[in-house]
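A.B. asks: First to last, the sequence lines map onto chains A and B.
Quick note: the first sequence uses our numbering, first residue 1, plus one each step.
Quick note: the second sequence uses our numbering, first residue 1, plus one each step.
It should be emphasised that the hints constitute simulated quantities derived from the structure, not laboratory data.
None of these values were measured; they are calculated from a predicted model.
Accuracy of the hints is not assured; some may be wrong.
Intra- or inter-copy, both count: the list cannot distinguish identical chains.
[Claimed, not checked] Calculated pairs, DSBU-like style, for lysine-lysine (alpha carbon to alpha carbon, straight line, at most 35 Å): (1) K284 - K319; (2) K284 - K343; (3) K449 - K161; (4) K412 - K56; (5) K6 - K412; (6) K272 - K380; (7) K343 - K354; (8) K333 - K272; (9) K319 - K336; (10) K99 - K51; (11) K351 - K310; (12) K273 - K351; (13) K51 - K458; (14) K272 - K351; (15) K31 - K319; (16) K380 - K412; (17) K310 - K40; (18) K272 - K310; (19) K333 - K161; (20) K56 - K439; (21) K310 - K167; (22) K310 - K335.
Protein chains: 2
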Amino acid sequence: MDDLKKYIDENHDRYLEELFELIRIPSVSSKEDHKEHMYKAAEWVKDKLLKDGADKAEVLETQGHPVVYGEKMLNPDWPTVLVYGHYDVQPAEPFDLWKSPPFEPEIRDGKIFARGANDDKGQMFMHFKSFEYLLKTNQMTCNVKFMIEGEEEIGSPSLGKFCEDNKEKLQADVILVSDTSMIGPDTPSITTGLRGLAYMEVEVTGPGHDLHSGLYGGAVDNPVNVLCEMIASLRDENNHITIPGFYDDVLELSDEERADMARAPFDLEAFKKEINIEEVAGEKGYSTMERTGIRPSLDVNGIWGGYTEKGAKTILPSKAHAKISMRLVPHQKHKKIEQLFIKHFESMAPKSVKVKAEFLHGGEGYVSPTDTVAYQAASKAFETTYGIKPIPVRSGGSIPIISLFENVLGIKSILMGFGLDSDAIHSPNENYSLNQFRKGLETIPYFYKYFAEMKARK
Amino acid sequence: MDDLKKYIDENHDRYLEELFELIRIPSVSSKEDHKEHMYKAAEWVKDKLLKDGADKAEVLETQGHPVVYGEKMLNPDWPTVLVYGHYDVQPAEPFDLWKSPPFEPEIRDGKIFARGANDDKGQMFMHFKSFEYLLKTNQMTCNVKFMIEGEEEIGSPSLGKFCEDNKEKLQADVILVSDTSMIGPDTPSITTGLRGLAYMEVEVTGPGHDLHSGLYGGAVDNPVNVLCEMIASLRDENNHITIPGFYDDVLELSDEERADMARAPFDLEAFKKEINIEEVAGEKGYSTMERTGIRPSLDVNGIWGGYTEKGAKTILPSKAHAKISMRLVPHQKHKKIEQLFIKHFESMAPKSVKVKAEFLHGGEGYVSPTDTVAYQAASKAFETTYGIKPIPVRSGGSIPIISLFENVLGIKSILMGFGLDSDAIHSPNENYSLNQFRKGLETIPYFYKYFAEMKARK
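Based on the provided sequences and hints, a complete structural model is requested.
C.D. replies: This is the structure:
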């Protein structure tokens with residue numbers, strides 16, 4: 001593949017133009033009024049796959065946003081790679097914190113700034129262009145399928161059924177995904193573990209309507225105060241989650257495994273500086289890497305209640321709400337955690353209020369072995385580009401669908417992520433470094449090459 | 001005053017038309033974009049006072065919204081009554097909970113529904129019409145002054161200086177105010193105590209921007225979780241406020257005084273049913289009436305942080321905010337409480353976050369004696385209308401300006417409120433019963449009569 005770098009050089013401007021077209025479609029999956037943008041983005045992906053060389057590509061209906069399926073079947077004897085990605089993005093709010101409009105990509109300081117620049121439009125697009133390159137230069141050595149969904153950011157509620165209904169069509173030797181980060185720009189890594197997720201929304205109702213806080217304050221329980229107390233009680237002084245049974249299924253790592261993990265490079269001062277905090281905090285007895293990699297966590301993702309505009313309004317609010325999510329580790333089942341949470345939340349509510357807790361979405365964690373052909377092929381591809389072997393890491397994030405792929409399709413996934421932790425995905429000013437984008441374009445084609453070679457040798 | 005009821009009958013429709021004109025002006029003092037409405041309401045009040053018989057009325061500038069001053073000086077030997085009221089109202093949000101538009105008054109079930117129907121436009125207006133009646137029928141026996149402000153709902157920030165600057169003009173024997181409630185439609189009461197207020201806004205900042213809750217959750221303190229924990233820690237298991245020094249100046253009542261208070265009729269079941277709660281809650285060792293009447297309280301009036309729209313966004317938010325106010329009892333000074341709160345809030349913040357706490361507004365509590373001529377005149381006026389003596393009660397609400405009047409002008413106030421606790425002031429569907437409105441119109445003229453008679457006898 002001596003021509004790879006030259007091909008990228010010659011086509012780079014066009015690549016960006018194409019990617020920017022996709023980014024400009026505000027395909028926010030959680031917003032009901034964005035439905036037309038979801039179809040527009042799906043059609044765009046379909047057209048792009050056909051143009052890049054797919055024999056066939058189609059927008060397939062699901063119970064929710066559509067899935068784009070595409071394929072290039074070259075030789076029945078060759079191994080088949082199924083590329084997974086998602087064309088949907090997180091909401092861009094709060095808009096006023098963006099330096100440039102979230103759906104108008106802008107290059108500054110060698111980075112693309114936009115919602116979806118990385119997650120996952122930018123990373124997914126590297127696969128489209130690697131596919132184009134290998135086909136145009138007659139170097140493709142695998143059959144390739146694409147499954148590009150539109151509901152990843154809302155927990156892929158329709159993809160399970162889609163996989164069940166399309167098992168035959170989706171058969172492959174490996175699923176290839178770029179939707180994660182690597183340790184640093186010069187330190188490649190392959191994500192071998194992901195956390196699961198259980199995302200809840202709770203409502204606490206006190207009085208039937210907002211009350212005057214002077215006339216009633218002190219004699220009627222305030223649902224915001226009560227919600228704060230309930231949330232506070234979900235963690236103890238060691239930052240251990242207090243929901244009964246929460247840790248029952250947590251996979252405890254051996255001292256040896258923990259020592260292995262501790263060998264991954266990690267600069268605590270740089271970590272703190274990057275996100276502008278004075279001190280890290282988390283479960284007692286675990287390192288920062290362990291707290292996100294192998295331990296579950298609980299975060300309030302949003303809270304609201306009462307008067308939140310400028311100035312003072314002296315009310316005792318009727319209702320308080322919060323979105324609370326838990327990241328889960330392998331063996332914790334999100335459905336069980338969801339039930340434990342609801343039971344605990346309802347049982348600890350004082351009689352002075354009514355509470356509701358509902359499950360919004362979730363997924364299981366995942367652990368990938370490192371002794372598979374696919375892992376070795378990915379490792380060698382990174383080594384070819386970076387000159388060093390990538391480090392296997394457990395990520396704190398969740399791609400719930402990865403464990404679903406294994407359960408429904410029986411296929412393992414390889415998580416070749418080229419993002420950086422500083423890319424601010426899910427945040428204002430999400431960005432994707434042009435350098436990382438380039439490195440992805442240089443690395444992915446080698447995965448196909450090595451995967452085919454290693455498969456053939458076996 | 002045999003003609004009083006007849007006069008009201010004949011003019012009632014016009015009274016409502018006039019009041020509705022005022023209600024239709026959305027004079028929300030806390031909103032910066034309502035400035036023109038504040039002037040419009042002030043001009044309306046000035047014109048009305050002149051039309052109702054004032055010799056002079058003027059809109060006077062302050063550092064904030066204007067004060068309307070009016071007077072009718074009939075005889076230098078007569079006592080002078082200064083009527084206080086406010087033409088500003090609370091914000092009407094959330095609009096979608098109103099059954100009819102907040103600034104379009106509507107009569108349903110014998111009640112006027114609108115923002116300001118009671119607080120304070122409706123109650124203040126009873127004074128304008130009592131003034132009109134007494135002048136038109138030549139039965140006025142006092143000199144009358146009016147001071148109608150436009151900043152009561154934001155803590156009357158400009159009225160202190162206004163009183164300082166206009167001490168001479170405002171000289172009077174008593175200040176008469178209708179801006180409180182009575183116990184029930186058949187149980188008149190006079191408010192003899194008010195709580196003070198210290199209203200704070202706090203901000204907790206964690207990471208410099210919103211983070212992905214999967215990649216960081218568990219290793220970085222979440223400012224919403226931290227804020228909840230800080231708020232939870234402000235009360236102990238007995239609902240005692242934990243801010244060091246908070247209770248130092250609280251006036252403790254004697255057992256005898258508490259027994260006196262307990263004689264006021266109070267139906268706990270009706271109270272709970274009215275606001276739709278299963279159980280009351282509050283400081284251990286005190287009754288519901290005591291919890292709002294003689295004990296301080298702490299309420300979160302609003303809280304917000306992170307993602308609060310529909311659906312799920314997996315962020316670890318950068319910031320969390322809350323509006324927290326404390327109701328104070330006599331002898332607690334709001335400036336001291338404000339300092340204690342800020343010191344405590346800052347000192348309990350973990351090093352993983354930064355906190356800011358600022359004072360929005362406040363005022364002192366007030367206690368009024370019952371052995372004054374003014375109290376006795378008000379008591380007799382109620383008795384004339386209702387056939388029973390009114391009960392002196394301590395209200396949980398705050399009218400910070402009442403204690404300021406005493407300190408700056410040296411004048412005691414009489415709080416002749418005709419509201420009911422069910423009027424939902426400060427809430428959606430604020431209302432004022434036509435029956436209460438009528439009873440106010442029937443009672444207030446007698447105050448002037450008895451006050452002049454009792455003063456003359458002294």
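A.B. asks: Hints broken by the structure, by number, lowest first?
C.D. replies: Per hint list: zero violations.
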